[in-house]
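Enquirer: Numbering (our numbering), first residue to last: 1 to 449.
Do not take every clue at face value.
Listed below are the simulated DSBU-like cross-link pairs for lysine-lysine, each with C-alpha atoms no more than 30 Å apart in a straight line [what the hints assert, rightly or not]: (1) Lys322 to Lys102; (2) Lys393 to Lys293; (3) Lys395 to Lys174; (4) Lys256 to Lys200; (5) Lys226 to Lys395; (6) Lys242 to Lys256.
Label-pair ranges, simulated between beta-carbon atoms [as the list claims (entries may be wrong)]: (7) Asp290 to Glu377: 23 to 31 Å; (8) Gly229 to Pro268: 19 to 27 Å; (9) Gly229 to Ser100: 47 to 55 Å; (10) Ala85 to Asp307: 41 to 49 Å; (11) Asp290 to Gly436: 36 to 44 Å; (12) Lys293 to Ser420: 52 to 60 Å.
Please keep in mind that the hints were generated in silico from the structure rather than gathered at the bench.
Yeah, the Cβ is synthetic: ideal placement off N, Cα and C, and Gly gets one too.
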Amino acid sequence: MIRLHRSSWLQFFALGALTMLLAGCGQVSQSDLQTLEPVSTVTPTMRPAASPTALPDLPAGPFAWSGEERPLLMAHYMPWYQTPAVSGYWGWHWTMNHFSPKQNAQVEWLDLASHYTPLTGPYDSQDEAILEYQVALMKLSGIDGVIVDWYGIENFWDYGTINQSTARLFTAIKRAGMKFVICYEDQTLKHMIENGHLKKEDAISHGQEVMRYLQTTWFGDDAYLKEAGRPVLFVFGPQYFKGGDWDALFSVLDVKPLFVVLDNHLVPAVDSSYPWPPMWASQAGVLSHDTLKSYLMDFYERAAVWDFRVAGAFPGFHDIYKEAGVGNSYGYLDDLGGKTFRYTLQEALNQQPQLIQLITWNDYGEGTIIEPTVEFEYRYLEMVQEARHSIEKGKFPFNADDLRLPFDLLQLRRGAVQDSAVLAQLDKAYEAMLAGDLATARQIMDQYR
Numbered sequence: 001m002i003r004l005h006r007s008s009w010l011q012f013f014a015l016g017a018l019t020m021l022l023a024g025c026g027q028v029s030q031s032d033l034q035t036l037e038p039v040s041t042v043t044p045t046m047r048p049a050a051s052p053t054a055l056p057d058l059p060a061g062p063f064a065w066s067g068e069e070r071p072l073l074m075a076h077y078m079p080w081y082q083t084p085a086v087s088g089y090w091g092w093h094w095t096m097n098h099f100s101p102k103q104n105a106q107v108e109w110l111d112l113a114s115h116y117t118p119l120t121g122p123y124d125s126q127d128e129a130i131l132e133y134q135v136a137l138m139k140l141s142g143i144d145g146v147i148v149d150w151y152g153i154e155n156f157w158d159y160g161t162i163n164q165s166t167a168r169l170f171t172a173i174k175r176a177g178m179k180f181v182i183c184y185e186d187q188t189l190k191h192m193i194e195n196g197h198l199k200k201e202d203a204i205s206h207g208q209e210v211m212r213y214l215q216t217t218w219f220g221d222d223a224y225l226k227e228a229g230r231p232v233l234f235v236f237g238p239q240y241f242k243g244g245d246w247d248a249l250f251s252v253l254d255v256k257p258l259f260v261v262l263d264n265h266l267v268p269a270v271d272s273s274y275p276w277p278p279m280w281a282s283q284a285g286v287l288s289h290d291t292l293k294s295y296l297m298d299f300y301e302r303a304a305v306w307d308f309r310v311a312g313a314f315p316g317f318h319d320i321y322k323e324a325g326v327g328n329s330y331g332y333l334d335d336l337g338g339k340t341f342r343y344t345l346q347e348a349l350n351q352q353p354q355l356i357q358l359i360t361w362n363d364y365g366e367g368t369i370i371e372p373t374v375e376f377e378y379r380y381l382e383m384v385q386e387a388r389h390s391i392e393k394g395k396f397p398f399n400a401d402d403l404r405l406p407f408d409l410l411q412l413r414r415g416a417v418q419d420s421a422v423l424a425q426l427d428k429a430y431e432a433m434l435a436g437d438l439a440t441a442r443q444i445m446d447q448y449r
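Hey, can you work out the whole structure from these sequences and the hints?
Expert: This is how it looks when you write it as structure tokens:
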């Protein structure tokens, strides 16, 4: 979701608390619905027509790269999904208290809180088989790791569940030899204070507790991304802590993080910033590609001053908030059959940054997904592979066919849930996959197809 307004989903989440007791949420009365702030003044109820600018100047050939040091490709990841099979209930992000996920006679998933359906079907963020599948996909597509949207350490609303899911994801990422980064949602303080879970005068001390937790739990891990010995910390905002608050938060740490904030949210402690789809610039419900190009040009011009530069690439934007009845739409950015992602990824490469954030791996509510879906399959991961091949002059070892292996492995696991001997062999196939030995992985899997 657009994080400047990310608080909206948390408020909407609370409205369905009686149906989500397992998540430990508190009840919000129907009258509270009247206090929710609209996220846009324009509400397209149907998919808008394509914006008139179709990026005509975009090269159709391979990605161009003229830099010397390859940028890290990091996927912005949402660990907030729950399903009855794993968690015992449908989480808010699959239902938005409006939709009722189900399968039809053709085993197709219907009525999800998204215009898109995961190729795997809706999943749970704590499902080990799904994490295995996602991490293998990232590895084979050329993604170096994840930037995880993280809501802190409190057992308030679904924050505790998200923290547990984050820990499981990081275990899977580390096993694959990849990198991870936290993107802290400091707007959680606002909600905890407004709902009586935290006193306002305790906000700084709570923030310091969060920083200590990060240092103890993840910052010291070899798999946590560091720059010049400093752990990299993203924040979506800041939205609650102001100015010098961050110096106070970081004062309890052994090493000050390299602090990366959302565009136009600068504070004194900042070291860098990152772009995001500028849906606030939508007109009549549509963000034109001319406006998108102007935004990126302006951002990258301003961001050139940072020693640690972060670029961003995204496929489009197509949220479902209006249809779900939780608020107005933020607007619509046409994916142009993949051209929007190709354009934003090429622009990101042109900056020769240290890191490119892929926005996002799996935000289904806002339709910014790059993981495989029923609608566009492997389109975006194949483009990421193309970029890696261009950067490494064809030396990147994996191809588009290889991207199908993780899904095949997932299907084999699902068909052998009760067979420990088969599952043990599939474990070996997965280890071979992570090691880049796809021939062995295929050989093992072929025995059970």
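Enquirer: All hints, please: hold or fail.
Expert: The hints, checked one at a time:
1. Taking the CA atoms of Lys322 and Lys102, the gap is near 21 Å; set against the 30 Å cutoff, the hint holds.
2. For the given pair, Lys393 sits about 27 Å from Lys293 by alpha-carbon distance, which is consistent with the 30 Å threshold.
3. Distance check on the hinted pair: Lys395 and Lys174 sit about 24 Å apart at the alpha-carbon level, within 30 Å; holds.
4. With a C-alpha separation of about 25 Å, the suggested pair Lys256 and Lys200 falls inside the 30 Å cut-off, and the hint holds.
5. Restraint check: the Cα-Cα separation between Lys226 and Lys395 comes to about 26 Å, which is no more than 30 Å; the hinted pair holds.
6. Taking the CA atoms of Lys242 and Lys256, the gap is near 17 Å; set against the 30 Å cutoff, the hint holds.
7. Checked against the given bound of 23 to 31 Å, the beta carbons of Asp290 and Glu377, roughly 29 Å apart, stay inside it.
8. Taking 19 to 27 Å as the suggested C-beta distance range, the pair Gly229 and Pro268 conforms, at roughly 21 Å.
9. Gly229 and Ser100 have their C-beta atoms about 50 Å apart, which keeps the hinted 47 to 55 Å range intact.
10. Against the hinted window of 41 to 49 Å, the Cβ-Cβ separation of Ala85 and Asp307 comes to about 46 Å, which satisfies the hint.
11. Judged by the Cβ atoms, the range 36 to 44 Å given for Asp290 and Gly436 holds: they are separated by roughly 42 Å.
12. At roughly 54 Å, the beta carbons of Lys293 and Ser420 sit within the given window of 52 to 60 Å.
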